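Visitor: Build out the structure end to end from the sequences listed, making use of the hints.
For the sequence shown, counting from 1, position 141 maps to 141 in my numbering; every step adds exactly one.
These are calculated hints, taken from the structure and not from any lab test. Only a predicted model underlies this, so the values are computations on that prediction, with no experimental measurement involved. Quick reminder that beta carbons are idealized off the backbone N, C-alpha and C, glycines included. Any given hint might turn out to be false.
[Said to hold, decoys possible] Using C-beta positions, here's what the derived DEER-type ranges look like:
1) Q135 / P58: 32 to 42 Å
2) I33 / H137: 29 to 39 Å
3) L20 / Q116: 51 to 61 Å
4) S100 / I33: 26 to 36 Å
5) R71 / L119: 51 to 61 Å
6) M8 / T73: 42 to 52 Å
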Amino acid sequence: MARQNDTMFPDIAVLDAGELRIEVSLRVRADAIEYLGHLWFTEHDRPNSAITDRAVLPGRTEEEVFGFAKRLTAAELMQRYDRAVAEKRRYRSLRRVTDSILTRIRHLHRVALVQQAGLMDEEGAAEEIAAIEKQLHELVDDLRRSAGVAEEEEGEPVR
Numbered sequence: 001m002a003r004q005n006d007t008m009f010p011d012i013a014v015l016d017a018g019e020l021r022i023e024v025s026l027r028v029r030a031d032a033i034e035y036l037g038h039l040w041f042t043e044h045d046r047p048n049s050a051i052t053d054r055a056v057l058p059g060r061t062e063e064e065v066f067g068f069a070k071r072l073t074a075a076e077l078m079q080r081y082d083r084a085v086a087e088k089r090r091y092r093s094l095r096r097v098t099d100s101i102l103t104r105i106r107h108l109h110r111v112a113l114v115q116q117a118g119l120m121d122e123e124g125a126a127e128e129i130a131a132i133e134k135q136l137h138e139l140v141d142d143l144r145r146s147a148g149v150a151e152e153e154e155g156e157p158v159r
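Guide: This is the structure:
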């Protein structure tokens with residue numbers, strides 16, 4: 001879903017990938033320095049199938065980013081689509097671990113703030129922080145096992 005300050009350009013191209021028709025769109029957002037575009041690929045008959053190319057198309061204006069996207073050839077767009085499909089499939093396990101790490105870090109931060117505000121005693125906070133740190137160390141170990149592991153749709157690892 002687009003953020004409020006994102007601009008969508010729906011008609012970048014249409015790719016024929018065997019039996020699939022892939023519609024290519026562009027989402028552009030501004031950060032404090034430049035405009036950043038991401039290509040989105042959607043199967044023609046499946047609007048909920050959208051996947052994004054993680055590579056950024058940078059520019060000084062929205063129009064510059066749009067022009068950059070429009071100048072990509074069908075072959076270049078197909079390479080980006082193939083990469084997006086490969087990355088989508090590959091990173092599910094790594095994403096789960098990363099999300100868990102972020103959740104634990106947020107919890108650690110909340111515990112520290114609650115303790116600083118005097119709403120939790122020091123001993124209880126120290127125990128909670130130690131438990132969170134242990135969980136974080138275990139999750140970091142899981143990163144090694146998850147990185148680069150592809151999964152099929154049913155969640156089975158492929159090596």
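Visitor: Kindly indicate which numbered hints from before are broken by the structure, ordering the numbers from low to high.
Guide: 6
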